[in-house]
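Asker: Sequence:
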Amino acid sequence: MMSGGFVLAAGINRFDQPKRVNTALPAGIKTVVLLSGRLQISVGGGRGREVCGPTVLLIRSSADAERDQVFAANAPIRYLIVQMNESVLGAEMTDALDRSFAAIGGASHSGAKLASCPASRALQVLVSQITNCPIRGPERELYLCGKAMQLVALAISSCTTQTGDAGSRLAVRDVERIRKARDLLVASMREPPSLDALAQQIGLNVRKLSSGFRQVFGASVFGFLQEYRLEQAYKLISTGEMSVSEAAFHVGYGAAHFATIFRKRFGVSPSSLR
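Here the sequence shown is numbered in the UniProt record's numbering, starting from 1 and rising by one per residue.
Since the hints were made in silico from the structure, they are not lab data. Please note: incorrect hints may appear among the correct ones.
To be verified - Below, a list of computed lysine-lysine pairs in the DSBU-like style, where the Cα atoms sit at most 35 Å apart:
id, residue 1, residue 2
1, Lys147, Lys235
2, Lys208, Lys235
3, Lys264, Lys147
4, Lys264, Lys235
5, Lys19, Lys147
6, Lys180, Lys264
7, Lys180, Lys208
8, Lys208, Lys19
9, Lys264, Lys19
10, Lys235, Lys180
11, Lys264, Lys208
12, Lys19, Lys235
13, Lys180, Lys19
With the hints as extra help, turn the sequences into a complete structure.
Answerer: Put into structure tokens, the structure is as follows:
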């Protein structure tokens, strides 16, 4: 759906190799709900951020800027995007957005600012309501515009709230420790350590590990692990490298539970990929 500075789009992408995409950002706000998949993103030439679904990304650009993304290989990207240019927002709403982003915090690069936080269940429900719009006819566009505006407002509120709860930004050394925690999880995905054991291995307490992991990766520790496991299983099954049961065992799931969470994440049963 596109109309004079307003864009609403949803879809699924999958890349066999890491894919870099550089796109222009018009002045306005871009809201991306990443339901699944992993990517690295930077705006305005700023430092890159690694995120995995389910995460919401907010990009506020006060002037034309660039967005650079690197999508992970063999990790289906399910997303919904709402882009509203300043020409659509008007002066009053643009001022309100700037006040909201000031509350979120973070640095601005070349007139662009990036924020992210885990996508709440309420946000994911809104995505479902948009992608499964029950209305046909001319009033459909009104329904979708209303839901899209609601989603943007809820996304900003979520990121503002979680920023307020997170306290001060992480030190560089703590970010390195949290990235090490990610690497340990990936290396031991079949039998991952407990949260206590993981925190001990990287030299942080559980609270700091949990809150810091959300700041760095936009997901909880074991939310990230589940997403990674499912991505690996998807790759193994879709390429024919393993059967469904073999893939489930390889990533650390029992067959019955695996089928349920796989369908919930990707919208298809694992056996349908064969």
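Asker: If a hint holds in the structure, say so; if it doesn't, say that too.
Answerer: Okay, the hints, checked on the actual structure:
Proximity of Lys147 to Lys235 is assessed by CA-CA distance (about 33 Å); at most 35 Å being required, the pair is judged to hold. Pair hint Lys208 plus Lys235 holds up; C-alpha atoms about 32 Å apart against a cutoff of 35 Å. Between the alpha carbons of Lys264 and Lys147 the distance comes to roughly 22 Å, so the proposed pair stays at or under 35 Å and holds. A hinted pair counts as satisfied when its Cα atoms are at most 35 Å apart, and Lys264 with Lys235 qualifies at roughly 17 Å.
Pair hint Lys19 plus Lys147 holds up; C-alpha atoms about 31 Å apart against a cutoff of 35 Å. Simply put, Lys180 and Lys264 have alpha-carbon atoms about 29 Å apart, close enough for the 35 Å limit, and the pair holds. Only pairs whose Cα atoms come within 35 Å are accepted, and Lys180 paired with Lys208 is accepted, the gap being roughly 14 Å. For the hint linking Lys208 to Lys19, the alpha-carbon distance of about 32 Å falls within 35 Å, and the restraint holds.
For the given pair, Lys264 sits about 25 Å from Lys19 by alpha-carbon distance, which is consistent with the 35 Å threshold. Distance hint between Lys235 and Lys180 is fulfilled; the C-alpha atoms sit about 24 Å from each other, no more than 35 Å. Distance restraint check for Lys264 and Lys208: the Cα-Cα separation of roughly 30 Å lies within the 35 Å cut-off, and the hinted pair is therefore satisfied. For the hint pairing Lys19 with Lys235, the CA-to-CA distance comes to about 16 Å; that is within 35 Å, so the pair holds.
Distance check on the hinted pair: Lys180 and Lys19 sit about 24 Å apart at the alpha-carbon level, within 35 Å; holds.
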